[in-house]
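Enquirer: Residue-level listing of the chains:
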Amino acid sequence: MSEPLFVRFWGTRGSIPTPGHKTRRYGGNTSCVEIRLGDMLFVCDGGTGLRELGLDLIQRGRPRLEAHLFFSHMHWDHIQGFPFFVPAYAPSSDLYVYEVAAGEDRVQRLLHGQMRSEYFPVTFADLGARILGRHFEAGRIGIGPMTVRCLEQTHPGRSFAYSFELDGRKVVYATDSELDFLIQNRDAADRDPEALRRLPDELVAFVADADLLIADGQYTEEEYPKKVGWGHARANTVADLARQAGVKQCALFHHDPMHSDELVDDKVRLAKERLERAANDCIVFGAREGLEIKIG
Amino acid sequence: MGNPGGEEDDLDSTVAGDVSLVAVDKTHRTPWLEQVRGPGAPREFSLGPGETIVGRSNQATLHIDSALLSRRHVAIKKNGPEHRLHDLDSANGVYVNGVKAHSAVLHDGDTLQIGDVVLVFHEAGR
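Chains as they are written, first to last, in our numbering: chain S, 1 to 296; chain V, 1 to 126.
Isolated chain V (complex conformation):
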């Protein structure tokens, strides 16, 4: 005999049936950069599937008008499931969480400082 209001009753009342799988739109999970300091801040920038160039040039994917940035300062490339940052031989370098890096695999919450610009990398979930 089942326990009134208990687990067994819950199971007994469950309707058996086919479960239709639901497609979930994941487009909102695109990684993005949050610019928290420097010219143009605050702003957000979604990272596309290709290469993102951050720099002073008007041709840069993420153009930031700061004299401390090289024209093409850093590149962020998607490599499989991860994003990798590369310093493009910039004059002032890039600091990832305070460490001057030539390249780095990025993780959620990493801070990237280039000149007077500070960006925060977000893996997803905006």
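The shape of chain S in the complex, shown without the other chains:
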């Protein structure tokens, strides 16, 4: 087996940054996850956590940075850190930005757009790094020894999940997805809250046997009915996806900005208990800033 994968959370909050004492443990920065394999750096989303990652990369002192950036989608909370990503200003950096379809330049265009002078004082053209577009082909791309796949999710304006696969190891990043829209046995699941919420085969196969699933589990059961159509999932539905897909560890991600650390604790506990009642041994936890996990 090749060298280990490291996954580190830099931003775990959804929708808007939430600094303050109520969110200290899980953190207030929006979505950003680092996946590292030796010198290879993969970054999932550029929420405000990306700023912290950039500063840390500078501290690591690598003379030249090559990073592969994957955006689930381009809503504010997933791109706002990019203009503050210090390595993007260094001529020695190469940043590869991935588009899900051949010929698209949507990601680069929108990163460019958020740096127009109406929004930000420095323009995209002023960034020193080489920023290069790359494209998935038929939902897949190889980057060195890593295979990355993408899958469209259910979210207003579209979003994509990514799986990172290497030597039988797999990390899936799947945020901003309203899994509850995809429940196949909706009537039965509505009648019986304990019933397994069956999710589509394609999604289950995409996530299957992941060592780590990082998934949007923003809402509790009580909150969700008022948020239908907003593009986010119930934590318990994520737990059911993890169960169906044989996931080993599941990080509930994209915490609601209204949730204090204690409320996130409660949400995680309920998802854990749901899996325990189903005699499933997946480890469920709340993604929190600063936590780094080694895979393999």
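None of these hints come from the bench; they were simulated from the model. In this text, all values refer to a predicted model and were calculated from it rather than measured experimentally. Take the hints with a grain of salt, since some may be wrong.
[What the hints assert, rightly or not] Each computed SDA-like pair below joins lysine to any residue, with the alpha-carbon atoms no more than 20 Å apart:
(1) V:78 x V:110
(2) S:248 x V:83
(3) S:294 x V:95
(4) V:77 x V:67
(5) S:22 x V:77
Assemble chain V onto chain S, guided by the hints.
Expert: Chain V alone, transformed into the frame defined by chain S:
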């Protein structure tokens, strides 16, 4: 006219004067580990300003005589205002609140399990 016994009277009776700032000794606010399980428990260990190594070695800053611990099992380093834990490629790993972690920023009340040893991290206030 003021309200007898009311707020205005209180204000009127306040003596105006220089306030001398008082230096507060904060040394008691050093973060610390509480060992609640495993050989040597219960005990407490203050974290110094440098790196703390927890392990089975006699040279470890916090030496714990357990066969389930590596000689140098984890390091806890102060990094600005926060403390960060690093697994030192130990044989049995470290679990932070039940999650096997390679590294983690620690917060008050976090439980660290290494082998048969359970430690609780306290930011301050002993």
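Enquirer: Are the hints correct? Go through all of them and say.
Expert: Now for the hints, and whether the structure bears them out:
1. Between residue 78 of chain V and residue 110 of chain V, the direct Cα distance comes to roughly 16 Å. Compliance with the 20 Å bound is thereby established for this hinted pair.
2. A C-alpha spacing of about 28 Å is found between residue 248 of chain S and residue 83 of chain V, which places the hinted pair above 20 Å, so the restraint is violated.
3. Distance hint between residue 294 of chain S and residue 95 of chain V is fulfilled; the C-alpha atoms sit about 12 Å from each other, no more than 20 Å.
4. Restraint check for residue 77 of chain V and residue 67 of chain V: not satisfied, since their Cα atoms lie roughly 24 Å apart, outside the 20 Å limit.
5. Note on residue 22 of chain S and residue 77 of chain V: the hinted pairing is violated, with a Cα-Cα distance of about 24 Å set against a maximum of 20 Å.
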